[in-house]
Amino acid sequence: MSSSSVEEITDQSNDLFTQDGVLLKACSGRPVNELNSIGMLCIVQNSDGTKSIEWRPSDIITVCAVQEQDWALVNAIGRRQRTFSGNLTADYATARARIIRMPLNELKIFRVTNRNQQMSFSNKVGVWQSTFFFQHGNAEVFIAYLKSHVKTAKSSRDRNTYLVVEPTDETRALNRSFTELDIFQENTTDVVWNIVSNLKERPYETTMEAFSKLSSIVYYGNEASSKRDVSEEVADLLTKSMVAAEEAHSVTKSDEYEVISMKPTLPPRPSIPRSTPLSQEKWEGLQDTLGRVTEMDGVKQLIFRGGVAHSIRKQVWKYLLDYYPWHMTHAELKALQKKRTDEYYCMKLQWRSMTEGQESRFTEYRDRKSLVEKDVNRTDRTHPFFAGDNNPNLETLQDILMTYVMYNFDLGYVQGMSDILAPLLLLMGNEVDTFWCFVGFMERIASNFDMDQAGMKHQLLQLQQLVMFASPELAQHLALKDSGNMYFCFRWLLVWFKREFSLIDIMRLWEVLWTGLPCANFHLLICVAILEAEKEVLISGDYGFTEILKHVNELSMRIEVNKVLSSAEGIYHQIISAPHLTDQIRIILGLTPLGTSAPTEDDDAPEATGTNCKDNDAAANVSTSGTDMEEAVLEYDGIEISIVTQTVWALLA
Numbered sequence: 001m002s003s004s005s006v007e008e009i010t011d012q013s014n015d016l017f018t019q020d021g022v023l024l025k026a027c028s029g030r031p032v033n034e035l036n037s038i039g040m041l042c043i044v045q046n047s048d049g050t051k052s053i054e055w056r057p058s059d060i061i062t063v064c065a066v067q068e069q070d071w072a073l074v075n076a077i078g079r080r081q082r083t084f085s086g087n088l089t090a091d092y093a094t095a096r097a098r099i100i101r102m103p104l105n106e107l108k109i110f111r112v113t114n115r116n117q118q119m120s121f122s123n124k125v126g127v128w129q130s131t132f133f134f135q136h137g138n139a140e141v142f143i144a145y146l147k148s149h150v151k152t153a154k155s156s157r158d159r160n161t162y163l164v165v166e167p168t169d170e171t172r173a174l175n176r177s178f179t180e181l182d183i184f185q186e187n188t189t190d191v192v193w194n195i196v197s198n199l200k201e202r203p204y205e206t207t208m209e210a211f212s213k214l215s216s217i218v219y220y221g222n223e224a225s226s227k228r229d230v231s232e233e234v235a236d237l238l239t240k241s242m243v244a245a246e247e248a249h250s251v252t253k254s255d256e257y258e259v260i261s262m263k264p265t266l267p268p269r270p271s272i273p274r275s276t277p278l279s280q281e282k283w284e285g286l287q288d289t290l291g292r293v294t295e296m297d298g299v300k301q302l303i304f305r306g307g308v309a310h311s312i313r314k315q316v317w318k319y320l321l322d323y324y325p326w327h328m329t330h331a332e333l334k335a336l337q338k339k340r341t342d343e344y345y346c347m348k349l350q351w352r353s354m355t356e357g358q359e360s361r362f363t364e365y366r367d368r369k370s371l372v373e374k375d376v377n378r379t380d381r382t383h384p385f386f387a388g389d390n391n392p393n394l395e396t397l398q399d400i401l402m403t404y405v406m407y408n409f410d411l412g413y414v415q416g417m418s419d420i421l422a423p424l425l426l427l428m429g430n431e432v433d434t435f436w437c438f439v440g441f442m443e444r445i446a447s448n449f450d451m452d453q454a455g456m457k458h459q460l461l462q463l464q465q466l467v468m469f470a471s472p473e474l475a476q477h478l479a480l481k482d483s484g485n486m487y488f489c490f491r492w493l494l495v496w497f498k499r500e501f502s503l504i505d506i507m508r509l510w511e512v513l514w515t516g517l518p519c520a521n522f523h524l525l526i527c528v529a530i531l532e533a534e535k536e537v538l539i540s541g542d543y544g545f546t547e548i549l550k551h552v553n554e555l556s557m558r559i560e561v562n563k564v565l566s567s568a569e570g571i572y573h574q575i576i577s578a579p580h581l582t583d584q585i586r587i588i589l590g591l592t593p594l595g596t597s598a599p600t601e602d603d604d605a606p607e608a609t610g611t612n613c614k615d616n617d618a619a620a621n622v623s624t625s626g627t628d629m630e631e632a633v634l635e636y637d638g639i640e641i642s643i644v645t646q647t648v649w650a651l652l653a
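Numbering of the sequence shown is given in full-length UniProt numbering, commencing with residue 1 and proceeding in unit increments.
Be a bit skeptical, because a hint or two may be false.
[Stated by the list, open to error] No farther apart than 25 Å at their CA atoms in a straight line, the calculated lysine-lysine pairs in the PhoX-like style are these: (1) Lys51 x Lys108; (2) Lys25 x Lys51; (3) Lys314 x Lys334; (4) Lys535 x Lys481; (5) Lys25 x Lys108.
[As the list claims (entries may be wrong)] Derived CB-CB ranges, DEER-like: (6) Gln280 x Gln45: 20 to 30 Å; (7) Arg366 x Asn114: 31 to 41 Å; (8) Glu359 x Arg159: 48 to 58 Å; (9) Pro579 x Lys374: 47 to 57 Å; (10) Thr113 x Glu364: 31 to 41 Å; (11) Glu473 x Pro273: 20 to 30 Å; (12) Asn390 x Thr546: 33 to 43 Å; (13) Glu364 x His580: 48 to 58 Å; (14) Asp15 x His330: 51 to 61 Å.
Just so you know, these hints were derived from the structure itself, not from any lab. Only a predicted model underlies this, so the values are computations on that prediction, with no experimental measurement involved. Note that the Cβ used here is the ideal one computed from N, Cα and C, for glycine as well.
Hey, can you work out the whole structure from these sequences and the hints?
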């Protein structure tokens, strides 16, 4: 990659994919003071039809349109200022000159390291021109998009290195033939590559798919214009593929025909009922005599199935939010709580002892304190716990938020955090316990509150992809109504549905989501489930963006939490059972992409987080396999469900 002059970077390029929060770590020919800068990594299509990888510094990135929405939750996000590493100049022309661009037709090699968070590019073997670090999530989604535009093969010497495969004479001839036939709506180069590469793995299906398209030309002609007959190259391909099909499959003559659908459909969506909450009896039964939780995975499965009984919620949440380690005894937890109490009051003293003079010279602190005070005074004031003037609970809420500013000054306070904290304080009642539980919650969702909103935009993009896969009809309607960006779901994701459910229901939803089951990003499937329930209204009413936004906001306090959880789990099983499941969706759900070997202890890539955890009913059939792991497999409505231990199965039963 190399820097481009202002004249070379035109505004006529079209962004095919963008990922925010990407740090420039190294670039050949760049001065040191331009490194460690934050920017956006893109795949763009140029005005001449060619494609490039492009990195743009944050100086010239347009503020996301989400900030323009009239939602009180996010009005103040733009007020935060953060000092980034690197020299980010305000001069627009200079910033444009710092754009890095590499044409895809020049890309030779790229490498993915550091648990899939670091990516290097090269257009010359032996020299890495540039290296980027993905601060939010990892590079997997970007890689999936890149692979859809270039053909790659893993290096035999380094499994983290990918070689860009150049087209051969055979694929060029085939591409030319298909182009002249004009039978594919897709990019013909991509079609040819897929046909050639799929012949080895799926010779029969690949041949029939290509042959069905070619037959239409042979028998019915081309309506658009007169095209020549099938070329010899295509005929040769079909001959070779038919031979491969005969070798790979035993085909017998019959009156039945195989129909290959060009529009794959999802399998039926299972209806999986919810279970009862984790009770005190079951909770105590999963601990040893010293208080250690011996069945952490089992506890999480039970919580995912039915939540937590309110009587033990205060205790269980401390484990779910990483305040209490699962392996500690009661005595060790008592010592830990004393240590955390001392740490909390030490941080609290730091801001409580600040003088007015210090505050006057500390602009960022002063602004954050002012924002905390304003937000606290309008947080859940209709609830008796926070209602009334001079309410001491509001003072505690403010103290915790201000102490968190000292705990994590890089993030500080952003509007919306008070919404996250309020239910924790209401349940815990204790200032110290609430603070450390809040810290654990924020560890999970801190990227929601980034100044550049890269974390939020990344989630909205993932949600868009899930809707397109799980509900293509709805996705098409949203796209036609300029709502495909999913901005109307911004509030849902920012504060994890806090304003959509009643207090008791949001507690149930949060504790289920904290288990991390049954897959990564299950909260996005909650969004899909809610939208699926409203699909008929949105489509039949021909709702545009304004009507969709209004309708979504009016759903507040009208959503049934158990129904949504059951629907979201059904959508998950429906998606993972789909034969056309793509790597993009696999990555979002934390599943291992196709063709990727399972990671070992030495692997840089993170382990997949997807877990198949489903429900049972009274008539569930149980078969035990792998006695060393005590793993039971249940069957419900044709779906196999893994239960970690026999103890958990007994509790479920």
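Report task. Using the Cβ atoms, figure out if Arg366 sits within 31 to 41 Å of Asn114. Result -> holds, 38 Å
Query raised in the report: Cβ-Cβ distance between Glu364 and His580: within 48 to 58 Å?
Result: holds, 50 Å
Query raised in the report: Taking the beta carbons of Asn390 and Thr546, is their distance inside 33 to 43 Å?
Result: holds, 41 Å
Query raised in the report: Straight-line Cα separation of Lys314 and Lys334 no greater than 25 Å?
Result: At roughly 15 Å apart (the allowed maximum being 25 Å), Lys334 and Lys314 satisfy the hint.
Query raised in the report: Taken at face value, is the distance from the CA of Lys481 to the CA of Lys535 at most 25 Å?
Result: holds, 14 Å
Query raised in the report: Can the suggested window of 20 to 30 Å be confirmed for the beta-carbon pair Gln280 and Gln45?
Result: violated, 59 Å
Query raised in the report: Does Lys51 pair with Lys108 here, judged by a C-alpha cut-off of 25 Å?
Result: Distance of about 14 Å is within 25 Å: holds.
Query raised in the report: Between Glu473 and Pro273, does the C-beta distance stay in 20 to 30 Å?
Result: Check passed, 27 Å falls within 20 to 30 Å.
Query raised in the report: Glu359 and Arg159, beta-carbon distance inside 48 to 58 Å?
Result: At 54 Å between Cβs, range holds.
Query raised in the report: Holds or violated: are the alpha carbons of Lys25 and Lys51 at most 25 Å from each other?
Result: holds, 23 Å
Query raised in the report: That 31 to 41 Å hint for Thr113 and Glu364 (C-beta), does it hold up?
Result: holds, 35 Å
Query raised in the report: Range hint 47 to 57 Å: satisfied by the CB atoms of Pro579 and Lys374?
Result: With Cβ atoms ~53 Å apart, the hint holds.
Taken one by one, the earlier hints fail for this structure only at number 6.
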